[in-house]
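Protein chains: 2
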Amino acid sequence: MDSIKNLITTLGENAKNAAKTLRSATTMAKNSALINIANQIKQNRASILKANKQDLANGKNKGLEAALLDRLMLDNERLNDIVESLNQIVNLPDPIGEITDLKYQPSGIQVGKMRVPLGVMGIIYESRPNVTIDAAALCLKSGNSVILRGGSEAVYSNHALYACVKQGITQAGLNENCAQLIDTQNREAVIELVQASDYIDAIIPRGGKGLVEAISNSAKVPVIKHLDGICHTYIDKDADTQKAINIAFNAKTRRYGVCNATETLLVHASAVSRILPELIAQYLAKGVELRGCKKTAKLSNKIITATEQDWHTEYLDAILSIRIINSMSEAINHIEQYSSGHTESIITENYTSGRRFITEVDSASVMINASTGFADGFEYGLGAEIGISTDKFHVRGPVGLEGLTSQKFIVLGDGHTRK
Amino acid sequence: MDSIKNLITTLGENAKNAAKTLRSATTMAKNSALINIANQIKQNRASILKANKQDLANGKNKGLEAALLDRLMLDNERLNDIVESLNQIVNLPDPIGEITDLKYQPSGIQVGKMRVPLGVMGIIYESRPNVTIDAAALCLKSGNSVILRGGSEAVYSNHALYACVKQGITQAGLNENCAQLIDTQNREAVIELVQASDYIDAIIPRGGKGLVEAISNSAKVPVIKHLDGICHTYIDKDADTQKAINIAFNAKTRRYGVCNATETLLVHASAVSRILPELIAQYLAKGVELRGCKKTAKLSNKIITATEQDWHTEYLDAILSIRIINSMSEAINHIEQYSSGHTESIITENYTSGRRFITEVDSASVMINASTGFADGFEYGLGAEIGISTDKFHVRGPVGLEGLTSQKFIVLGDGHTRK
Chain A
1 MDSIKNLITT LGENAKNAAK TLRSATTMAK NSALINIANQ IKQNRASILK ANKQDLANGK
61 NKGLEAALLD RLMLDNERLN DIVESLNQIV NLPDPIGEIT DLKYQPSGIQ VGKMRVPLGV
121 MGIIYESRPN VTIDAAALCL KSGNSVILRG GSEAVYSNHA LYACVKQGIT QAGLNENCAQ
181 LIDTQNREAV IELVQASDYI DAIIPRGGKG LVEAISNSAK VPVIKHLDGI CHTYIDKDAD
241 TQKAINIAFN AKTRRYGVCN ATETLLVHAS AVSRILPELI AQYLAKGVEL RGCKKTAKLS
301 NKIITATEQD WHTEYLDAIL SIRIINSMSE AINHIEQYSS GHTESIITEN YTSGRRFITE
361 VDSASVMINA STGFADGFEY GLGAEIGIST DKFHVRGPVG LEGLTSQKFI VLGDGHTRK
Chain B
1001 MDSIKNLITT LGENAKNAAK TLRSATTMAK NSALINIANQ IKQNRASILK ANKQDLANGK
1061 NKGLEAALLD RLMLDNERLN DIVESLNQIV NLPDPIGEIT DLKYQPSGIQ VGKMRVPLGV
1121 MGIIYESRPN VTIDAAALCL KSGNSVILRG GSEAVYSNHA LYACVKQGIT QAGLNENCAQ
1181 LIDTQNREAV IELVQASDYI DAIIPRGGKG LVEAISNSAK VPVIKHLDGI CHTYIDKDAD
1241 TQKAINIAFN AKTRRYGVCN ATETLLVHAS AVSRILPELI AQYLAKGVEL RGCKKTAKLS
1301 NKIITATEQD WHTEYLDAIL SIRIINSMSE AINHIEQYSS GHTESIITEN YTSGRRFITE
1361 VDSASVMINA STGFADGFEY GLGAEIGIST DKFHVRGPVG LEGLTSQKFI VLGDGHTRK
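Heads up: the sequence lines are chains A and B, in that order. Going by the numbering used here, the first sequence opens with residue 1, and the numbers climb by one from there. Going by the numbering used here, the second sequence opens with residue 1001, and the numbers climb by one from there.
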């Protein structure tokens, strides 16, 4: 295992040296690199798709399931999307160097904050090859050097895409080690990476809960992580009937396999009769399996009685649990107990209820009269998203460029000494 | 050790439950608690001083050194300072609930950020009993419940002060577990605390490097930490002579034992003759031991030749290392290699040099024409300081109330569903 440790040390030293130059690289140099990468992808379309075919063939031989093969697959359209996302990142304002809150203090000095990169990021991901480009681009734009570690299923695709990244970076005159790809599939490399606190400033794992938990447990480096998305929609007693039906339906059925889908619907007892029968009918017509508390189960013989486990479950599927509660406090307590802290929404026309909900509910996103499906970096205007954090430390909710930065203090004086 | 684990679990559960109510406590309730604590201290002055005498007597019996006994000592003046700092925290604006950046997005939803507490803080400190009050007050004001663990030397003083905290909290109608004191001196309790990631959101160790390193190494909870303060003052070729002399002298000699004191002076070769002889004379007259590079050592036979180790050393004493360098790049490289990332200052009248220095130097505080001694939460206008972070993740530099908070997203809609 010494050779793996040496590999990570070398990558770490390279990344740290690259970060020293990248943190003061001009916006133009960083944008040039991104445009170059996009051009490289366009020019090397055929070889990228060929590499991807190799991964797909290997995956089929290994018997990978269809959903995983779909995530792995690249075609012309997906490459166009990757190029388009690079262009979007070029168009985002450069967060680095922004000076805010520069104010005079009683001593006469001016004190402000300057936004700076974190330094060296480690990104660990699974089968989606587009993450190679996305992660490299977001780190570059935010002035961070990055060490990438993709999944073994996508090894050929990742190498082909990474070749474009490296070309694009060097063409822009930046240090080639601004982005590096770990090219061993030895799992020990991940463990060494997440423990390399001398070199890595933060790790972002992008993948399933198993990956994220394994990384968090062995990490010595700070991890920006996303665990479950057990999101709740709460229909208050003062909910508008049509808004409640539209939002609750959309929050579950827009897409099933996403972390911002509502998994549990809470309904105030006094709103049940005017809202729930219609909503249940719509869910059932759409093919959603419903698991309700005892009161809910009485509303239709097609509703399964929910178990305690249901309230803890992120279905990521066409399944919804429903609970009728008798007060807003009960709803907030349910959320406190079962939510993963991702996203919760209240449907209400009542000013005080709305105000209370956004104050008391402790989740990364808290909404009034909107679908939980909006919890997303693009919908929030961040312009890009490298992940969603369910932590509170450093960054919470959708993570855009700013989540990859820190702020240092700057002090401007004119010969000032302190008493 | 099971009983210690159980103790921390109980404290953690209590703290988490208290945090649920504290996060939406009104500003008035939190301020009332702080005022009550101040009144309790005033009313119990005699018994606090008696408890402190007990600690001092025990300390003397154990042969504690004078500096430590001084840190441990309370008298009427120091109690007045503690009361005054409580009043200052009362007067600070409540950071919690502040909504910023609330903007309409193309979908029609409004998205903003709301400042919220981190949740449960753990504060581990050494012999200064005032930290019991300071830390409890800052955590309360920022809506965090707190578990305090003071040093064994101050056990009687801390209990006496903590009794005031508990009284003050309950008199204000807040959950008494908003602040808890660990009342065993078993060291295992610290290890359990910093690993209790189910209950604790962040740990702040306040003490020497040994304590901070030990905690960081065993922590599973995020740590806001402060390691060395190896601060640099760089006198540029275009420095104003008098400003350079005043600032460099002040930055070293204002106080020796503080983390923001300059430990290494870098001087551009072309500024040496007009600045360094006068400055050296002032330092020597003040009794500062000087350790210089070979060129510097030639300027006075009272200057000791510095070793490699000197550039790595935080003296915290009347000692200064001095190095003459030939370019600004050399100065920046020296800082990159030896600085602890705390505070660095450039003395220059040159616009481009100043601009380059604050951009390229990667430290928590970067200054132009000001003494490194200004690196302090009060001087920066934070109103209070719970510590100084030399990390980049979450918070950097002096940590005030805002460093104890996070931001969640809030979304306001009017029946909005996502496509």
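Rather than coming from a laboratory, the hints here were simulated on the basis of the structure. These numbers were taken from a predicted model, which means no experiment stands behind them. All C-beta atoms, glycine included, are put in the ideal place defined by N, C-alpha and C. Just so you know, not all the hints are guaranteed correct.
Residues from chain B that face chain A, not an exhaustive set, calculated with beta carbons under 10 angstroms [to be verified]:
#, residue
1, I1004
2, L1069
3, I1099
4, L1181
5, A1370
6, Q1407
7, F1409
Consistency of the hints with the structure:
no.	hint	verdict
1	I1004	22 angstroms, violated
2	L1069	27 angstroms, violated
3	I1099	9 angstroms, holds
4	L1181	24 angstroms, violated
5	A1370	3 angstroms, holds
6	Q1407	6 angstroms, holds
7	F1409	4 angstroms, holds
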